[in-house]
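There are 2 protein chains.
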Amino acid sequence: MKKHTCTFIMMAGLYLICSCTRGTPEQKKIPVETVMVIHGGAGVIRQTEMNGEKEQLYRDKLQEALMAGFNLLKEGGSSLDAVQAAINIMEDSPLFNAGKGAVFAANGKNEMDAAIMDGKTGQAGAVTCVRHVKNPIDLARLVMEKSEHVLLSGEGAEEFAREQGLTLMPEEYFFTEYRWQQLIRAREKEKQMMDSLAQNKSGTVGALALDRNGNLAAGTSTGGRTNKRYGRIGDTPLIGAGTYADNKSCAVSATGHGEYFIRGVVAYDIAAMIEYRGFSLNEAVQEAIHKKLTRAGGSGGVIALDARGNIAMTFNTEGMYRGYIRGNEEAVILLYKE
Amino acid sequence: MKKHTCTFIMMAGLYLICSCTRGTPEQKKIPVETVMVIHGGAGVIRQTEMNGEKEQLYRDKLQEALMAGFNLLKEGGSSLDAVQAAINIMEDSPLFNAGKGAVFAANGKNEMDAAIMDGKTGQAGAVTCVRHVKNPIDLARLVMEKSEHVLLSGEGAEEFAREQGLTLMPEEYFFTEYRWQQLIRAREKEKQMMDSLAQNKSGTVGALALDRNGNLAAGTSTGGRTNKRYGRIGDTPLIGAGTYADNKSCAVSATGHGEYFIRGVVAYDIAAMIEYRGFSLNEAVQEAIHKKLTRAGGSGGVIALDARGNIAMTFNTEGMYRGYIRGNEEAVILLYKE
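For the record, the sequence lines run as chains A and B.
Once you know that position 34 of the first sequence is 34 in this note's numbering, the rest is easy, because the numbers rise by one and skip nothing.
Once you know that position 155 of the second sequence is 155 in this note's numbering, the rest is easy, because the numbers rise by one and skip nothing.
So that you can see chain A by itself, here it is in the shape it has in the complex (with noise of 0.2 Å):
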């Protein structure tokens, strides 16, 4: 018996240590240096309603956006600057729904959020219902550094912003004809008492970021639903439900119809499974997109990132904008279900 005993845990001390390192199929098996995730939202133009010359412009500012970040990070940039830089075009693109490209609430004016984390010391910073402010990301992180809040909401969010020396812009810079013809329809629609979920596109802009000194960071920017209530806030500025970072666990950016993620604290609970139930991270993504978000009628997807390099990209929806950049692999952009 005892020498069934040793060969037995012989056997699963081998079994563990192979465990480790061959990974699972979704873990990587060599760590890697850098790694930049971004997204450009879920359930955004249908495939059929999309042309060539549209996907390339939606493809280059992906790109651009994916590489402004990953540069910071090879030369040694902290993931919060590269997730930063990477929202910073996204919302200086009219492409999105974050910054110039800011979707209208139903009173017809701009209203958007944003929130980053740190996934070393746990500190994040948000804010909400800003009109005025280029860059709502900028003024998250400033809400983070440098004061003692984590979520500052409206007037009280750009009187902040000005005693910083944020840029300001009067509310024409954020006016687009698009958004402004999405809001035309989606107010016609709701007058022909039609779903108005379905004119939602969402677009918000995300960004997850792991540096070289194995820090994790994530970030989230948007300019909410079109034709939304006055005053509404949705996930993404609220930490744990649509952003959420933790060297612990992972880094994690959500998009999609923010109330279904608020009320199932979707991006802590994908960290909480991996660190209480010990699933993967593919493993927790799919668990709290396809069951979890989907049983309960919600739609849209996160990207997720842990320390390790492990990379997941999820949705529900028709697709989702997206790309990923790892070490020195090349980078994917990509925008329908593959």
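Worth flagging that the hints you see were computed from the coordinates, not collected in a lab.
All of these numbers come straight from a predicted model, not from anything done at the bench.
A couple of the hints might just be wrong.
As the list claims (entries may be wrong) - Derived list of chain A stretches under chain B, where covered just means 3 residues or more per stretch with a C-beta under 8 Å from a C-beta of chain B:
no.	stretch
1	124-130
2	229-242
3	267-280
Unchecked claim - Below, a sample of chain A positions facing chain B; criterion: calculated Cβ distance under 8 Å:
no.	residue
4	148
5	149
6	150
7	151
8	155
9	156
10	157
11	159
12	160
Each residue gets a CB set at the ideal place from its N, CA and C atoms; glycine is no exception.
We have chain A already, so just place chain B on it with the hints.
Just chain B now, with coordinates in the frame of chain A:
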């Protein structure tokens, strides 16, 4: 060896059965019909500054709130109704930092937040930065039941309140000499570069209920922090941070230094430790407050309740106004550590 194995399996089975039926020390043996738990804030008036008359005022009001909810439960009312009724009593009292007694932000205004969550359906509603709503918890419930959103803020939230016929009050209603003096003192202290945190007595109120149908509900209502930055949002209205309920795990309402509760996603973390790590309610709450929150440097406490009627009331401050009543037991009201 076979005999040994059988004996082992039998003993293990017996142990499991014993564990399940006898319960750990903090578990209730007998399923209880209805339970009500409330808090009136952690980090409140110091025991040394409290006198007999003042203490009686607090005890009486806590008892009134507790019984307002519990009486509804006994009559077969829902946990949501009970939570709302208990919080209404505390919101209408100047003794607590919610509704009538809300503290003043740095700009001399009152800004109130509230949230409610249904443990059966996972539905939730919350409001933030409202300034004229007499009972913010009522508005949170309307957001849950009459809107497609979870979280509404500021003027947009008040516009919705008007549409729903809720009572709005002029700003003067929320003026209490005590809170005003607290702001004056906080401002003076700030000038003297003293630690403003010590002055930020919370006094947030919260309630949890378990009804006859075995459904949990949680609610929290607050005026925020004295001398806080205008537009600051704390943990109270954030589902998963200061308020959470799920029949599968537990209901939680938090009070304290909100930023720490947001970053730690404390309310949902307690639920996740129960669901994913198999912790008892008490183990989860101890871990969340005395380990995680304390290590992070945060102060505050939570009340928690599970669907078997187990109660936990834990804080790392000098006191937390709190009370509970379960089945046919006597109501218990506590102010400080016991």
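Hints, verified against the model:
no. : hint    : verdict
1   : 124-130 : holds (count 3)
2   : 229-242 : holds (count 10)
3   : 267-280 : holds (count 6)
4   : 148     : holds (7 Å)
5   : 149     : holds (5 Å)
6   : 150     : holds (5 Å)
7   : 151     : holds (4 Å)
8   : 155     : holds (6 Å)
9   : 156     : holds (2 Å)
10  : 157     : holds (5 Å)
11  : 159     : holds (7 Å)
12  : 160     : holds (7 Å)
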